[in-house]
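Asker: We have chain A already, so just place chain B on it with the hints.
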Amino acid sequence: MNTNNQEAPLQGDIEELLPWHAAGTLNRRDAQRVEDALQRDPELARRYALVREELSETIHLNETLGAPSARAMEKLFVKIDAEPQRRQASSLNLGTRISEFFGSLSPRTLAWSASAAALAILLQAGFLANIAIKQHTGGGFETASVGGSITSKEVGSYVLLRFNPQASAVDINQFLERNKLKIADGPAPGDLYRVRVGATALPQDELTRTVKQLQQDKTVAFIAVTE
Amino acid sequence: MQTTSDEVLIARIAGGDRLAMQVLFARHHVRVYRFVLRLVRNEATAEDLISEVFLDVWRQAGKFEGRSSVSTWMLGIARFKALSALRRKPEEELDDETAGAIEDQSDDPETALAKKDKGALLREALSALTPEHREIIDLVYYHEKSVEEVAGIVGIPEATVKTRMFYARKKLSELLKERGIDRGWP
Chain A
1 MNTNNQEAPL QGDIEELLPW HAAGTLNRRD AQRVEDALQR DPELARRYAL VREELSETIH
61 LNETLGAPSA RAMEKLFVKI DAEPQRRQAS SLNLGTRISE FFGSLSPRTL AWSASAAALA
121 ILLQAGFLAN IAIKQHTGGG FETASVGGSI TSKEVGSYVL LRFNPQASAV DINQFLERNK
181 LKIADGPAPG DLYRVRVGAT ALPQDELTRT VKQLQQDKTV AFIAVTE
Chain B
1001 MQTTSDEVLI ARIAGGDRLA MQVLFARHHV RVYRFVLRLV RNEATAEDLI SEVFLDVWRQ
1061 AGKFEGRSSV STWMLGIARF KALSALRRKP EEELDDETAG AIEDQSDDPE TALAKKDKGA
1121 LLREALSALT PEHREIIDLV YYHEKSVEEV AGIVGIPEAT VKTRMFYARK KLSELLKERG
1181 IDRGWP
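Top line first, the protein sequences correspond to chains A and B.
The first sequence begins at 1 in my numbering and counts up one residue at a time.
The second sequence begins at 1001 in my numbering and counts up one residue at a time.
Bound conformation, chain A alone (with noise of 0.2 Å):
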């Protein structure tokens, strides 16, 4: 414990949180706070002008400070050269390679990327579901525990979604009530999340068209259709 806890004055922990404010590394619901108060409290507010003083010569100092010659990167790599050769960079695993697959991507050619697999899942599913329905109405008989599978199976469509990493639990409640959404079950591996859309088994047409929908919010960074 710090000793200095004793001492310190009695500042609100607003005012001990400006310095972050200032360089604008406060989580939301902290930055908002401070904003809320600063816009109550004119005392608040001109410390506040003290902090960002304290920051722009802190930047404007280190910024004087100049840089290293280009010795350091020779030395180093001096340094490096005498170490014991390593195994090489094919050896990254799956996880590191799908995320410099899609970190190379530009934003656009995910988007497309991304509706493009929600749809090629989409067509996947109506012709799985074809088939099922075609063996289902086709045959002349059903075993008692193929029978027992299907009856026990959840009422309902569903979808499996991602949500994008920059919504906040609120953004995501609201976008569940907005929709009359329900989770379902989740996280799966990859942050996936199985969501109820409707209660009833939506015609293949309309579960299209929600899903659609659903993919223009913000809150959602992946979303395709599953059982």
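Quick caveat, the hints were computed from the structure, so don't treat them as lab data.
Wrong hints could be hidden among the right ones.
Unchecked claim - List time: in silico BS3-like cross-link candidates among lysine-lysine, alpha-carbon distance up to 27 Å:
no. : chain 1 : residue 1 : chain 2 : residue 2
1   : B       : Lys1063   : A       : Lys79
2   : B       : Lys1171   : B       : Lys1118
3   : A       : Lys218    : A       : Lys182
4   : B       : Lys1118   : B       : Lys1063
5   : B       : Lys1177   : B       : Lys1089
6   : B       : Lys1118   : B       : Lys1177
7   : A       : Lys75     : B       : Lys1063
8   : A       : Lys180    : A       : Lys218
9   : A       : Lys75     : B       : Lys1089
10  : A       : Lys79     : B       : Lys1089
Said to hold, decoys possible - Calculated from the model, a selection of chain A residues having no Cβ within reach of chain B, i.e. all distances over 12 Å:
no. : residue
11  : Asp36
12  : Thr58
13  : Leu160
14  : Val170
Where a beta carbon is used, it is the ideal one built from N, C-alpha and C, also for glycine.
Answerer: Frame of chain A, contents of chain B only:
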């Protein structure tokens, strides 16, 4: 244009990719150098230390777990190296330029104020802070580290980070007062 993330570079470095190391170095070496220089106050020592910091990054990339950002991880290594160097040389070395920027005690506050603008006096006061206070001010204002990240780099609880920052700023006000500027705070 898309840039490869620091995390991907670290994964490549762990696999022995020298080019990834060059990119990471180019991206971060100036900030790491300035952070170290403000602690050790000697350009040659700071330059030596950054090659040591990045050598550690090369060696330990495979152990990076991504619990913090790469820049926060590197500043933590840099801090450790700088403090070790200071322990080896108990007397803080001051090169001419840095020493010149710190204090000019020959003038009384009124004369000093007349000579310099407020910004210059503020920078002078920032340089005159103790290493502990300089460090926290730089991490928050220049390196844009959150309370949690500063706590990770310096190795203190988050509550202490806030308190230390408060006292660093208080000391800054006192140093400015000595130089003829009363900020009316604290």
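Asker: All hints, please: hold or fail.
Answerer: Checked hints:
no.: 1; hint: B/Lys1063 to A/Lys79; result: 20 Å, holds
no.: 2; hint: B/Lys1171 to B/Lys1118; result: 16 Å, holds
no.: 3; hint: A/Lys218 to A/Lys182; result: 18 Å, holds
no.: 4; hint: B/Lys1118 to B/Lys1063; result: 46 Å, violated
no.: 5; hint: B/Lys1177 to B/Lys1089; result: 32 Å, violated
no.: 6; hint: B/Lys1118 to B/Lys1177; result: 11 Å, holds
no.: 7; hint: A/Lys75 to B/Lys1063; result: 23 Å, holds
no.: 8; hint: A/Lys180 to A/Lys218; result: 17 Å, holds
no.: 9; hint: A/Lys75 to B/Lys1089; result: 22 Å, holds
no.: 10; hint: A/Lys79 to B/Lys1089; result: 24 Å, holds
no.: 11; hint: Asp36; result: 19 Å, holds
no.: 12; hint: Thr58; result: 4 Å, violated
no.: 13; hint: Leu160; result: 25 Å, holds
no.: 14; hint: Val170; result: 20 Å, holds
The structure fails to meet hints 4, 5, 12 from the earlier list, while all remaining hints are met.
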